[in-house]
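From first to last, the protein sequence lines are chains A and B. Numbering-wise, the working numbering puts 18 at position 18 of the first sequence, and it's gapless, one number per residue. Here the working numbering = 1-based position in the second sequence + 1000.
To be clear, the hints were calculated from the coordinates, so they are not data collected in a lab. On a predicted model such as this, the values are computed, not experimentally measured, just so you know. Take the hints with a grain of salt, since some may be wrong.
Below, computed lysine-lysine pairings styled on BS3-like, alpha-carbon distance capped at 25 Å [unchecked claim]: (1) B:K1124 x B:K1136; (2) B:K1600 x A:K115; (3) B:K1590 x A:K159; (4) B:K1572 x B:K1600; (5) B:K1503 x B:K1492; (6) B:K1503 x B:K1442; (7) B:K1492 x A:K159; (8) B:K1442 x B:K1518; (9) B:K1488 x A:K115; (10) B:K1182 x B:K1158; (11) A:K158 x B:K1124; (12) B:K1600 x A:K62.
The chain contents come next:
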Amino acid sequence: MCGWPKASSRVSVKTVDTERLNKILAVFEGEKGGLISILQRVQEEFGYLPEAALSSVADFLKLPPSQVFSVATFYDRFYLTRRGDHLVSVCQGTACHVLGARSILETAENCLGIKTGQTTPDYKYSLQRVACLGSCALAPVVLVDDEVHSRMTVRKIKKLLTEDLD
Amino acid sequence: MEGYRIGTVESLRLLRETLIAGEQTTGKLVSVCCGSGCMSSGSEHVREAFAREIKEQELEDEITVKKTGCHGFCERGPNVIIGPQNIFYNSVTEEDVPEIISETLLEDRVVERLLYEDPVTGQKCLYENDIPFYKKQKRIVLKNCGIIDPTIIEDYIKVDGFRALAKVLSQMTPEGVIEEIKLSGLRGRGGAGFPTGIKWETARNAPGKEKYIICNGDEGDPGAFMDRSVMEGDPYSILEGMMIAGYAVGASQGIIYVRAEYPLAVHHLSTAIAQAADLGLLGRNIMGRGFDFEIKIVKGAGAFVCGEETALIASIEGRSGRPRPKPPFPAIQGLWGKPTVINNVETLVNVSRIALNGGEWYSKIGTATDTGTKIFSLVGKVRNVGLVEVEMGTTLREIIFDIGGGIPEGKRFKAVQTGGPSGGCIPEELLDLPVGYESLAKAGSIMGSGGMLVMDESTCIVNIARYFLDFAQNESCGQCAPCRLGTKQMFKILQDITRGNGKPGDIEILLELSDAVKQASICGLGMTVPNPVVSTIRYFRKEYEEHIHEGRCRALVCRSLISYRIKDYRCKACMKCLTACPVGAIIGAKWQVHEIDQSKCIKCGTCMEVCPKRFNAVECVTGLMEGSGDKSE
Chain A
1 MCGWPKASSR VSVKTVDTER LNKILAVFEG EKGGLISILQ RVQEEFGYLP EAALSSVADF
61 LKLPPSQVFS VATFYDRFYL TRRGDHLVSV CQGTACHVLG ARSILETAEN CLGIKTGQTT
121 PDYKYSLQRV ACLGSCALAP VVLVDDEVHS RMTVRKIKKL LTEDLD
Chain B
1001 MEGYRIGTVE SLRLLRETLI AGEQTTGKLV SVCCGSGCMS SGSEHVREAF AREIKEQELE
1061 DEITVKKTGC HGFCERGPNV IIGPQNIFYN SVTEEDVPEI ISETLLEDRV VERLLYEDPV
1121 TGQKCLYEND IPFYKKQKRI VLKNCGIIDP TIIEDYIKVD GFRALAKVLS QMTPEGVIEE
1181 IKLSGLRGRG GAGFPTGIKW ETARNAPGKE KYIICNGDEG DPGAFMDRSV MEGDPYSILE
1241 GMMIAGYAVG ASQGIIYVRA EYPLAVHHLS TAIAQAADLG LLGRNIMGRG FDFEIKIVKG
1301 AGAFVCGEET ALIASIEGRS GRPRPKPPFP AIQGLWGKPT VINNVETLVN VSRIALNGGE
1361 WYSKIGTATD TGTKIFSLVG KVRNVGLVEV EMGTTLREII FDIGGGIPEG KRFKAVQTGG
1421 PSGGCIPEEL LDLPVGYESL AKAGSIMGSG GMLVMDESTC IVNIARYFLD FAQNESCGQC
1481 APCRLGTKQM FKILQDITRG NGKPGDIEIL LELSDAVKQA SICGLGMTVP NPVVSTIRYF
1541 RKEYEEHIHE GRCRALVCRS LISYRIKDYR CKACMKCLTA CPVGAIIGAK WQVHEIDQSK
1601 CIKCGTCMEV CPKRFNAVEC VTGLMEGSGD KSE
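Chain B with its partners taken away, still in its complex shape (with noise of 0.2 Å):
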């Protein structure tokens, strides 16, 4: 709408109005998912295939094509949903196109291969809310994420954008809105589950006329997508809950902070920004209401720790992020000095919501001490990977085997691992945990961000504790002498033990050195580090023990600790695997029985993948074998 301001509450309600009578009235549409899964999956070529296809039949006054953020179900990209009926399509290919508008956009039928099929039962689901992947979710902070398009600001204004900051800029006193986020019990979903209220509160009551509210958006945990999902599909909603954030606690400016590593995102973001300040909902006087507000985006440069929040602060003060000791916490001292707000990209959307429909409203969701939603992103060894939101208090059990659906390939269920780096393992016994941060803390995990990774028997549990420890030395900023040296040290020894290396006394050392990092560490990445490698040894410390006291690996994932061998007596010489080798370590020819080259070998596994199953001549063993050697790993 060119050159159109909302220069008040009401004309805000007036262009909403407006736009949604002026919707297309056979309400057939075509929404292709662009979030950057389906992306790399191809979507961006089916959503071109439909407005060409379109345009050459001459029915874009009956058919509108849009494009939408994340749906949270990537792996069955790329993902369209077919309107009015709402069916959705999996897996759709520029190939599909032609058929489904002629089937089901003209004639209302099925295109019955693109439905979603229950990998169990077989069944076919017509509508996004009957796959089981969907059905038991409550999609609260998610809910504009694969329906408007994340790039055009009256879409989000069509389904109620903006008209929670219209009802607290002109109903509400900022501590009126502090007191209705105190009421909600929402608590910070960055992973340390702060009450947000109080933060808030602190930072209002903080001396000073200069404040500020910042959107974390440096999602660094390593398997957790769910920010990017929104500051990719739903960003208006992010730019509502800092303004309303603002106008709480008395700040007049924004920064968002994006990590480096999601151009998409400061994409969108960007394009949001600008499109909200030539309307008017960003600048001076906004509303009327004579609150300013501005936000601008601060790019991240790949430093996991700048996502603890005097790091972040340090990054966007030009140093680098080193955290220092709290206190004085951000909200009283924070950027530049001034009181500072940092809030998670999820908890500020939730603010939007809340403020909406109430704080009352949001208590009632979720349990007594963890109110309302949280986004899990369900990866690894689970059959259905995506965002998953839920409310709080269901259980591991059901988000994983329910929702999830359950462990592929008839694999049996090992662990799962919450929060990321921070966080610990649970086992099978602990599975009807309802979530929530003390449930979770008191099982020696943590909530943090919500990466849910689930996994099964083919997964080794110290190899896991390693890889975590790999990370955090990496990333560990070096200020505190037993974090820098704590987490080098015990990754060694970590890289020990799944080398075959490791010595008796091991598993004490990790433990006395896990506790000392924890407790003389400054910032939480410290503080938690070692979480993995303490919950790992508490609950699976018989598979710590196999692996140096016996040289084995029982997932056979340790590369030290297996070798794949050919079993001359089923090889059928038919080079599929010496072919298929990335490393050529396999000898032999057509007739002549192949024979895998243990000094070349990586331990990929390919050749077992490859090799005919009637044949079933590869085979993975544990137990170290001449001139495998000691590869890097």
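One chain only, chain A, in its complex shape (with noise of 0.2 Å):
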């Protein structure tokens, strides 16, 4: 799996605001299996999942905290290092494949200066890939955020990414 972050890159935060941490938790109080679905909150919250918030997960649910990093782990939509404000995240899926969605990536990674996977030295954007967002008859695809581009070119990408976003 490629998702687990480097000690160096990790953000290792040892507090983490218990007081937004402990209101999502308590929505989940008493219910089963609900590990993945705190960890979904938990991200919204912050961004990613800092490694403090992760051990009171498992304080909170009662399980080891080998077994919460495991499925954060396990999981490619959890972040264990802090990501960017906006989250570029170029389809590779079959559809964008064949019209030549590895050049656009290639392409993105050039533009942003950080390879896929990675976030920029001033936190404004994380670059990663992503197996198939369902739009294959626009292929293909780029989700800004929650924008989806379709038909993308290496020019369009290169465009988007040196002119159009900030």
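Put the two chains together into one complex; each comes in its own frame, and the hints tell you how they fit.
What follows is the structure, given as structure tokens:
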């Protein structure tokens, strides 16, 4: 799995805003099997899963931290390092692939100066690949936050990332 | 309808009749597709423009604007249908709106340029059903997509929504429902094709009072988006199917597992559930028949393997999505150890249709072994890209050429990949194969969820196999050593082959590994991921050999085996390619013949694309040039 962050790049947060965290956890009091839903809410709140938050979740659910980490690192959509303000996801689904998605991803890497899976040093952008967004008829597709950009080309992604975003 | 509750079967009928009677009499209707595809092409702005213009011109009493779900023809979007004539307009922009209002809605005249034009014959089509793409389709599951507003439950009720549920609850026993489903011959549409009736019967007969119905909305196959369209465009049919399943099986809890990559689907399903509950169609004593049912949504977290039943269950239980051996089957021991029926989205919508029209009606559609219809997502190198629902038994040729319009740009058909990462490639000589579970399996592929990727001569078949193995080894949960290690090794070998580092004997090793992975994996992912490799070797072995022994990629795709070159005798130094190059790999200036720096070139082909046709100065050749190095393939 390509999601395991290097220790040097991990933003290790010793403490996390416990008030915000406890508010989230309270909703799940007594719920069976809520680990993934909790992690999803925590990520929604903090933008990623801080280490300290994971420990608190483990305490709350009375689970060993290793199990929480196991689940957090199993699923692609959980991030253990801080993400950028904008998430650029380049679809690498089959339809997108045959229409040049790899070149688009590489161009994006070039424009942002980072590799796939990384975040720019100023925490403005994160770049990731995603398996399939289900917009195959409009391939190649790039998702910037919640906005779908369809029929992308190498030139369009270059323009989008160098001119149109901020 | 504020505060109204459907307390009996009779009150549903009354509501339906009241709603139909209360419909605006002129019938002038603007239906704007607001599925994810058209939305990304700007359909929301088009809809707002219509609403704005109609309000300004004070035509609100005469003309209704509504949004609908996905028509399946996303490439031509934004799609708009003008009623009552049902004229189908493609690629509508905000600027077109005033004209459509003044010409079509007010004067009954057609705006020719917005009609679909057949790319070969040039003929224009007025209605959706005239378009070859739609003519041969039999839209049973997709019946309401593009017709109803997926966020207004009354729209669904008007088109016989929940009538099947009413019939089931008032006229049939649970066993009777199961018999009807068995009679229909419905097979699971998620890919395995297991008879739905038998699955339900197993769950019904399993001991225990607590049972579950799970709708599998984790459509993970890249290239497949039929479930997305249905979840977005007709969420109510899914709810109804689940409720019928719950009644038949004896379950009172339903869960819809939706992948997180489909936010609009999640939104529409949540709205549908809330509206159904408000009307009393979910909750306790539904329609006064003593039947309780509740549905909740669980979002996926980005794992293809969670489409597998037992992994999906693990995910709902808050664990990592690692499949477990079967038996015991989920129908006997599933969620929280209780009997659980997991059905695909398409299967559940079929259930609603069968319950209303009868199992016999359904069994007469399709073929004897594969009844009903199947939705395929036709993508890739084909003219008409989109969702196609056809009777089982339709041939691949009909789907790709008659409905899909064939291969664009005069290129030649090479193969069609069916079933996503678990499927295989089918070559030209088998195009007359009728689609069916067994027929596709015999050819070395599978039906799968219905993804159909069309490839032409410019698609490298080895690259496709490599692509699927890249996907597979990334998504493998890792617990079975042959799958975990085998897929990685197979990927590495394919990577080597596409980089020009293939060795004699590689093909044999790939086949040996495929065998091991298939046999020794405990779940469907491991058992099927070798399929793309095995089938491409079976039908396109020559291409593998060309890569390995000749360093040649005939489709001009594999980066390490191709290079782009500027023909200096044709270059007019116009700077177009230089400017367009995304990585600044072209050296030159105005009046100075350009040259590509091979060490920087990412082989994207943009230079060839922008070079003016009359110069035709850029060519792509296969064979390694000095200095191009080994890019990260």
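Worksheet item: For the pair supplied as a hint, B:K1600 and A:K115, is the alpha-carbon distance within the 25 Å limit?
Response: Given that 25 Å is the threshold and the Cα spacing comes to 16 Å, the pair holds.
Worksheet item: Within a Cα-Cα threshold of 25 Å, do B:K1182 and B:K1158 meet the stated pairing?
Response: Roughly 29 Å between the alpha carbons, so the hint for B:K1182 and B:K1158 is violated.
Worksheet item: Does A:K159 lie within 25 Å of B:K1492 when you go C-alpha to C-alpha?
Response: violated (34 Å)
Discussion item. Check the hint pairing B:K1488 with A:K115 against an upper bound of 25 Å on the C-alpha distance.
Written reply: holds (22 Å)
Practice prompt. For the pair supplied as a hint, B:K1442 and B:K1518, confirm whether the alpha-carbon distance does not exceed 25 Å.
Written response: holds (16 Å)
Fill in: Distance restraint between B:K1503 and B:K1492, which requires alpha-carbon spacing of 25 Å or less
holds (12 Å)
Worksheet item: B:K1503 and B:K1442: Cα distance at most 25 Å?
Response: This hinted pair is violated, its Cα atoms lying about 30 Å apart.
Discussion item. Check whether the Cα positions of B:K1600 and A:K62 lie no farther apart than 25 Å.
Written reply: violated (53 Å)
Worksheet item: Going straight from one Cα to the other, do A:K158 and B:K1124 come out at no more than 25 Å?
Response: Between A:K158 and B:K1124 the Cα gap is close to 36 Å, so the pair fails against 25 Å, i.e. violated.
Fill in: Proposed proximity, B:K1136 with B:K1124 (alpha carbon, max 25 Å)
With Cα atoms ~17 Å apart, B:K1124 and B:K1136 stay inside 25 Å; holds.
Worksheet item: Taking 25 Å as the top limit, are the C-alpha atoms of B:K1572 and B:K1600 close enough?
Response: holds (22 Å)
Discussion item. Hinted pair, alpha-carbon criterion (25 Å max): B:K1590, A:K159. Please report holds or violated.
Written reply: holds (23 Å)
Of the hints listed earlier, those the structure fails to meet are numbers 6, 7, 10, 11 and 12, in rising order.
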